[in-house]
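Asks: For the protein sequence lines, the chains are A and B, in the order given.
If you use my numbering, the first sequence corresponds to residues 1 to 298, in order.
If you use my numbering, the second sequence corresponds to residues 1001 to 1344, in order.
Don't read these hints as lab results, they were simulated from the structure.
For clarity, every value in this text was computed on a predicted model and none was experimentally measured.
No residue lacks a Cβ here, since even glycine has one placed at the ideal position from N, Cα and C.
Do not rely on the hints blindly, as some may be mistaken.
[Stated by the list, open to error] The list that follows gives simulated cross-link-like pairs (lysine to any residue, SDA-like), each with its CA atoms no further than 20 angstroms apart: (1) Lys1039(B) to Lys1260(B); (2) Lys1039(B) to Phe205(A); (3) Lys1147(B) to Gly262(A); (4) Lys1141(B) to Asp127(A); (5) Lys1106(B) to Asp127(A); (6) Lys257(A) to Phe236(A); (7) Lys1193(B) to Ile44(A); (8) Lys1240(B) to Pro1194(B); (9) Lys67(A) to Gly262(A); (10) Lys1038(B) to Gly262(A).
[To be verified] With beta-carbon atoms standing in for the labels, derived distance ranges: (11) Val126(A) to Asp1134(B): 41 to 49 angstroms; (12) Gly1178(B) to Met275(A): 33 to 41 angstroms; (13) Met1225(B) to Ile40(A): 44 to 52 angstroms; (14) Asp128(A) to Asp1099(B): 42 to 50 angstroms; (15) Pro141(A) to Lys1038(B): 47 to 55 angstroms; (16) Asp1134(B) to Ile37(A): 31 to 39 angstroms; (17) Gly1295(B) to Pro141(A): 56 to 64 angstroms; (18) Val136(A) to Asp1099(B): 40 to 48 angstroms; (19) Lys1038(B) to Leu110(A): 29 to 37 angstroms; (20) Asn1107(B) to Asp128(A): 42 to 50 angstroms; (21) Val31(A) to Pro1166(B): 54 to 62 angstroms.
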Amino acid sequence: MGTGENNNSSRHGNLWYEAWLRFRRNRLAMVGLIMVISVILIAIFAPYIAPYDPLKQLIWTEGKAIKLAPPSSSHIMGTDFYGRDVLSRIIFGARISLQIGIFATIVSLLIGVPLGALAGYFPGWVDDLISWLINVVFAFPFILFVLAVVAVFKNPSMIVIYLAIGLVTWVQIARVVRAQFISLREREFVEAARALGLPTWRIIFIHILPNALAPVIVQATLGMGSIIMIEAGLAFLGFGAQPPTPSWGLMISIGQKFLATGHWWWAIFPGLAIMYTVLAFNFLGDGLRDALDVRLKR
Amino acid sequence: MSDAGYLNYLQKRLVLKMIKPGNEYLTITGLKKYFPIKKGIFKKTIGHVHAVDDISFFVRERETLGLVGESGCGKTTAGRTLLHLLEPTEGQVYFHGEDVALLLAKNPAKVRRNMQIIFQDPYGSLNPRITVRDIVGEAVKYHGLYKGKDLDNYVAEVLQKCGLRPEHRFRYPHEFSGGQRQRIGIARALALKPRFVVCDEPVSALDVSIQSQILNLLNDLQEEMDLTYLFISHDLSVVKYISDRIAIMYLGKIVELAAKKEFFANPLHPYTQALLSAIPIPDPTMKSTRVILEGDVPSPSNPPSGCTFHTRCPYAMKRCRTEEPRFENKGNDHFVTCFLHQND
């Protein structure tokens, strides 16, 4: 880049830099970005921020009264049935949610990008086969699929959950990549690359893929939100993170039983945390869409 | 072999004899490109678009052959098919007497280095994500012409030759105007030191003032690098300026081909005559006799029988509806496809 830091912004720098300039002007996008960064920071610095150990049952130190204690100055979000600090559990829960979001997205990208690219670049039976696969996965109730994958392993580790979620969400990525490749492979600069005698892999990786990336980034960001939701749903059903892991979905799952008895804080606060995080990724994704969606002609 | 097939074969032999493949620089014989029309969930082929329908001609070394036709007549497809960027449905292209299809299988780099293309759209033809240096230099490097420091110098040199500043190579395409982008496209094609270049409407997307600059650049580069051009355009005045010989396409076929002077002085085909009469003459006192063509261009997916022009031809005869005229040499290398000028 080198010349990217020029004040005369529209003249210099590459398209990514210009996208950032557009992104910065979008207030909601910036809010989304700050929210996402806040979640990331909370996840990274969880041990320093959390007032208590998320797994520690405080009844041993603070007495029985600490069981299901409502929000107070010492426990801002109250405590749960086992006397654990809800705030601390939510803070550590950010780690779980982000890990799931990131690793499951990586899995879905690793599957979706190559398959989508193949389908989009090679019309005919390659496209037919991959499109068929995409449609099958799409038509399948995804939660059932994830449950089935997780159920195969008796004691599902987090890696199994990443894989299971990635194995369903890749179709979204693949569809976007395929559509991009189909439109880009007809572009004159791709034809020029062919006329120059460049090999197919160079055409795909240097001439098409970088131009197909923007919608993929948007899709992956929006996907992070839905993956976090999927994980919460899995945990709620008891197939995701296992106790005593401080997973938001798991907290809601157990906490909701106490809603009726007036102990609302156990389930509501993790719910708000999920909402905050999903909203953050959706704002960011929408902002990215607006910032990156440039007609290539400009 | 069916009757039509046999006729076709004879016709091809005839053309072959006349234009002697191998002796001419670039020879095209019986080139066809049909696109299938698919319908329904089973993608059944229900017909074909006859984009290029049996064209034969040759291009001499260091000349510019202008290929003219209205939009949709298949001239762009002809250019692409000729370079085998689109697989021909039928027919051969000979470059220096060698079949390009075979050469492509044997030594694709040789074909690609020698035969290049300049595109119409200066916006769509450059990858927006890579710098001009990579746009121009990538293939040079890949084909091993230059590398490292030499490559950088060479790219700068080519840019300069095409009227750009060497320091422009660090920029991205969106930082240039349409005319400059077209120069980048030209630099990219010529960086491989090709012998033959298809210019696919290289100026039709540009302002008139820029058009002449680009045309002059193409002329200068032709002199300097001994290039041979196939210049595709819908603009007769542009073609008149740059070409040595001119071919007219109508519905996928070449209807007339002649040296420029002969072409304008003595147009034989009724379609050519109509086209030429449509050129505005910048003199209000001159009365031109315009030949107005009736109707629209028929669909290339269902071309008329016989001579494809008979539906609009003011001189159409009975046999024009049933028989196909041959693409014949009327002497002086003036070729025409019309029964008015066919002797049998």
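Asks: Please go over all the hints and tell whether each is borne out by the structure.
Replies: Evaluated hints:
no., hint, verdict
1, Lys1039(B) to Lys1260(B), "violated (44 angstroms)"
2, Lys1039(B) to Phe205(A), "violated (32 angstroms)"
3, Lys1147(B) to Gly262(A), "violated (74 angstroms)"
4, Lys1141(B) to Asp127(A), "violated (32 angstroms)"
5, Lys1106(B) to Asp127(A), "violated (28 angstroms)"
6, Lys257(A) to Phe236(A), "holds (12 angstroms)"
7, Lys1193(B) to Ile44(A), "violated (56 angstroms)"
8, Lys1240(B) to Pro1194(B), "violated (24 angstroms)"
9, Lys67(A) to Gly262(A), "holds (14 angstroms)"
10, Lys1038(B) to Gly262(A), "violated (64 angstroms)"
11, Val126(A) to Asp1134(B): 41 to 49 angstroms, "violated (28 angstroms)"
12, Gly1178(B) to Met275(A): 33 to 41 angstroms, "violated (49 angstroms)"
13, Met1225(B) to Ile40(A): 44 to 52 angstroms, "violated (56 angstroms)"
14, Asp128(A) to Asp1099(B): 42 to 50 angstroms, "violated (33 angstroms)"
15, Pro141(A) to Lys1038(B): 47 to 55 angstroms, "violated (33 angstroms)"
16, Asp1134(B) to Ile37(A): 31 to 39 angstroms, "holds (33 angstroms)"
17, Gly1295(B) to Pro141(A): 56 to 64 angstroms, "holds (57 angstroms)"
18, Val136(A) to Asp1099(B): 40 to 48 angstroms, "holds (45 angstroms)"
19, Lys1038(B) to Leu110(A): 29 to 37 angstroms, "holds (33 angstroms)"
20, Asn1107(B) to Asp128(A): 42 to 50 angstroms, "violated (33 angstroms)"
21, Val31(A) to Pro1166(B): 54 to 62 angstroms, "violated (45 angstroms)"
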